[in-house]
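So the protein lines, in turn, are chains A and B. Its first residue numbered 1, the first sequence is counted upward by one per residue in my numbering. Its first residue numbered 1, the second sequence is counted upward by one per residue in my numbering.
Calculated from the structure, these hints are not laboratory results. Honestly, I wouldn't trust all of these hints.
Examples of chain B residues lying across from chain A (beta carbon under 8 Å, computed) [as the list claims (entries may be wrong)]: (1) L25; (2) L75; (3) D82; (4) H133; (5) L140; (6) Y147; (7) F157.
Cβ atoms here follow ideal geometry from the backbone N, Cα and C, with glycine treated the same way.
One letter stands for each residue in the lines below.
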Amino acid sequence: MKKLHSALAAVIIAVMAFAVPDVAMSEEPHLDMNNPNVEPLPIAIPEFAGGEVAHDMTQVVSADLERSGLFRPLDPRSFVDKDAATRTPPNFNDWRVINAQLLVTGTVEGQNDGRLQVEFRLWDVLDEQQMTGVRYTTTPQNWRRIAHIMADAIYKRITGEDGYFDTRIVYISETGPANKRIKRLAIMDQDGANHRFLTDGRALVLTPRFSPSTQEITYLSYARGVPRVYLFNIDTGQQEVLGDFPGMTFAPRFTPDGNKVLMSLAIDGNSDIYSLDLRTRQATRLTDSPAIDTSPSASPDGKQIVFNSDRGGTQQLYVMNADGSDPKRISFDGDARYGTPVWSPRGDLIAFTKFGGSLGGQFSIGVMRPDGSGERILATGFLVEGPTWAPNGRVLMFTRQGRTDSSGNGRSRIYSIDLTGHNEREVVTPQDASDPAWSPLLP
Amino acid sequence: MPAPPPEKPTPPAKKKEDMLTDAMLANLAKRSPVDSQEKAQKQTAAAEQRASDQPRARLGPQLTTSELDTIREQLRPCWLVDVGARDAQSLTPEFRVFMNPDGTIRDATQLNPERNSDPFFQAAAEAARRALHNPTCQPLKLPPEKYDLWKTFTITFAPKIQ
Chain A
1 MKKLHSALAA VIIAVMAFAV PDVAMSEEPH LDMNNPNVEP LPIAIPEFAG
51 GEVAHDMTQV VSADLERSGL FRPLDPRSFV DKDAATRTPP NFNDWRVINA
101 QLLVTGTVEG QNDGRLQVEF RLWDVLDEQQ MTGVRYTTTP QNWRRIAHIM
151 ADAIYKRITG EDGYFDTRIV YISETGPANK RIKRLAIMDQ DGANHRFLTD
201 GRALVLTPRF SPSTQEITYL SYARGVPRVY LFNIDTGQQE VLGDFPGMTF
251 APRFTPDGNK VLMSLAIDGN SDIYSLDLRT RQATRLTDSP AIDTSPSASP
301 DGKQIVFNSD RGGTQQLYVM NADGSDPKRI SFDGDARYGT PVWSPRGDLI
351 AFTKFGGSLG GQFSIGVMRP DGSGERILAT GFLVEGPTWA PNGRVLMFTR
401 QGRTDSSGNG RSRIYSIDLT GHNEREVVTP QDASDPAWSP LLP
Chain B
1 MPAPPPEKPT PPAKKKEDML TDAMLANLAK RSPVDSQEKA QKQTAAAEQR
51 ASDQPRARLG PQLTTSELDT IREQLRPCWL VDVGARDAQS LTPEFRVFMN
101 PDGTIRDATQ LNPERNSDPF FQAAAEAARR ALHNPTCQPL KLPPEKYDLW
151 KTFTITFAPK IQ
């Protein structure tokens with residue numbers, strides 16, 4: 001026995017002696033994947049159980065996810081399991097065979113107190129795991145918001161980023177001939193639902209902007225003859241003029257903390273940028289140049305402001321400190337002109353409108369880093385302008401107007417586009433539309 | 001496979017009186033009968049992973065560049081990436097892949113799971129895992145006689161975004 005042990009030990013030592021020098025000859029293969037597929041994720045969303053409202057909620061969730069360009073809801077006619085909504089866990093094979101990678105199941109039930117109990121689960125079909133599941137209780141009239149909140153939860157679980165579906169858009173609705181255009185402030189959900197007008201059209205209104213923290217809008221109105229910046233409370237319908245300035249005020253925009261409004265004040269043809277504290281109503285002058293300084297937009301940390309100015313001869317973008325010091329030009333493309341800069345809510349980019357330069361006689365919507373590098377054009381056209389960011393900094397909306405016809409009218413509509421420059425979609429409005437402003441996620 | 005911990009409730013911002021988030025729903029997925037088989041395979045895979053941390057003896061030729069390209073081309077359609085994610089190029093999950101002799105992927109273990117605390121990284125890692133688990137991109141067309149060379153390999157998903 002001892003001999004056998006000795007012999008085995010000898011063999012093992014011999015094998016080890018053989019193996020060691022061979023290790024350096026080969027390594028585990030390694031592969032780098034660099035070239036991803038940018039197609040949307042196939043997702044199955046069988047109709048939630050619970051009657052008509054469940055059907056409607058399924059439609060809203062599916063439409064939200066589809067419009068984001070990141071998801072591809074599969075045709076329900078391809079579903080093998082016709083009774084999937086309440087099956088927990090799902091029969092994953094039924095979803096694999098139709099190439100679904102994600103599955104959403106949900107139920108809607110009426111409670112004794114008249115409220116709805118809504119629950120949904122998101123499943124990873126390939127990994128056979130539940131990824132998230134949430135239950136909500138709500139009043140029946142809130143069904144649409146709950147559907148948007150569900151779509152936001154799915155979007156966040158898959159991308160890591162907050163969603164933007166439970167948001168609203170305020171914009172300028174336009175009707176009538178070019179020389180007698182009626183412009184009204186209007187508001188709708190980001191998907192076009194729940195549309196309503198906020199002003200009656202008697203006064204010209206322009207450039208609405210959402211407060212990042214309250215249900216308030218700041219905008220320009222000619223209600224008293226002279227263009228002035230107003231504050232409008234969506235919940236109460238109250239309006240008030242902002243500030244007591246001698247000249248005309250325009251191009252308002254809230255600071256990210258919601259405590260101030262940045263705007264331009266024009267006196268004798270010279271426009272400068274001011275900051276108005278909404279609590280003290282004190283105004284502070286931030287620029288002091290003989291040029292036209294306008295369209296201010298603060299960075300998310302509130303430390304810097306981007307604006308456009310023709311102080312260098314043509315209209316360009318500049319970034320300065322929040323107190324107005326140290327302005328630096330950031331836009332450079334030949335004779336191109338830049339305007340309406342908007343700082344991204346996530347801070348990494350500034351969106352703008354551009355005319356000319358390397359694009360010739362066209363308008364475009366683009367983004368660049370706050371230091372002016374990495375300029376990318378996302379959309380071009382006869383007239384595209386006025387970008388506004390989704391609260392997660394991933395999607396932009398802007399105005400796209402077609403060539404004017406013989407009567408001087410051009411079709412004007414709002415479009416959304418992904419930050420990657422893909423997935424441009426019209427946002428359906430009842431009439432011509434311009435100047436969209438995206439709300440933060442609703443409270 | 002252990003169930004993931006329940007998700008945290010949605011932020012208080014959503015908690016209006018008439019719209020309460022009652023509960024995050026626990027993972028109710030019950031494991032199917034094939035789980036015990038899967039578990040055994042995963043234990044084998046885990047053992048192989050530990051083994052792979054040790055020096056390994058290999059004889060014969062290496063995988064050729066074109067064979068590696070084959071894997072790349074086959075997996076690419078299943079690697080669906082959110083290129084709009086912030087700093088998408090820095091989201092680089094790595095996996096060790098355990099292969100069956102027929103070219104199908106038996107299991108894949110993430111080698112840098114500690115980075116999944118960043119939700120963007122977690123999203124990228126899950127997208128990579130879906131690519132490796134998607135049956136439509138398998139079996140990988142690799143020479144069976146070289147199975148010993150490709151029975152495990154490591155893979156990094158590092159998107160280059162234009």
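Now for the hints, and whether the structure bears them out:
1. L25: Holds, because the Cβ-Cβ distance from B:L25 to chain A comes to roughly 3 Å (cut-off 8 Å).
2. L75: Holds. Min distance 7 Å.
3. D82: Since chain A brings a Cβ to about 5 Å from B:D82, closer than 8 Å, the hint holds.
4. H133: Cβ of B:H133 sits 4 Å from chain A, so the hint holds.
5. L140: violated, 11 Å
6. Y147: violated, 12 Å
7. F157: holds, 5 Å
Hints 5 and 6 from the list above are not met by this structure, while the remaining hints are.
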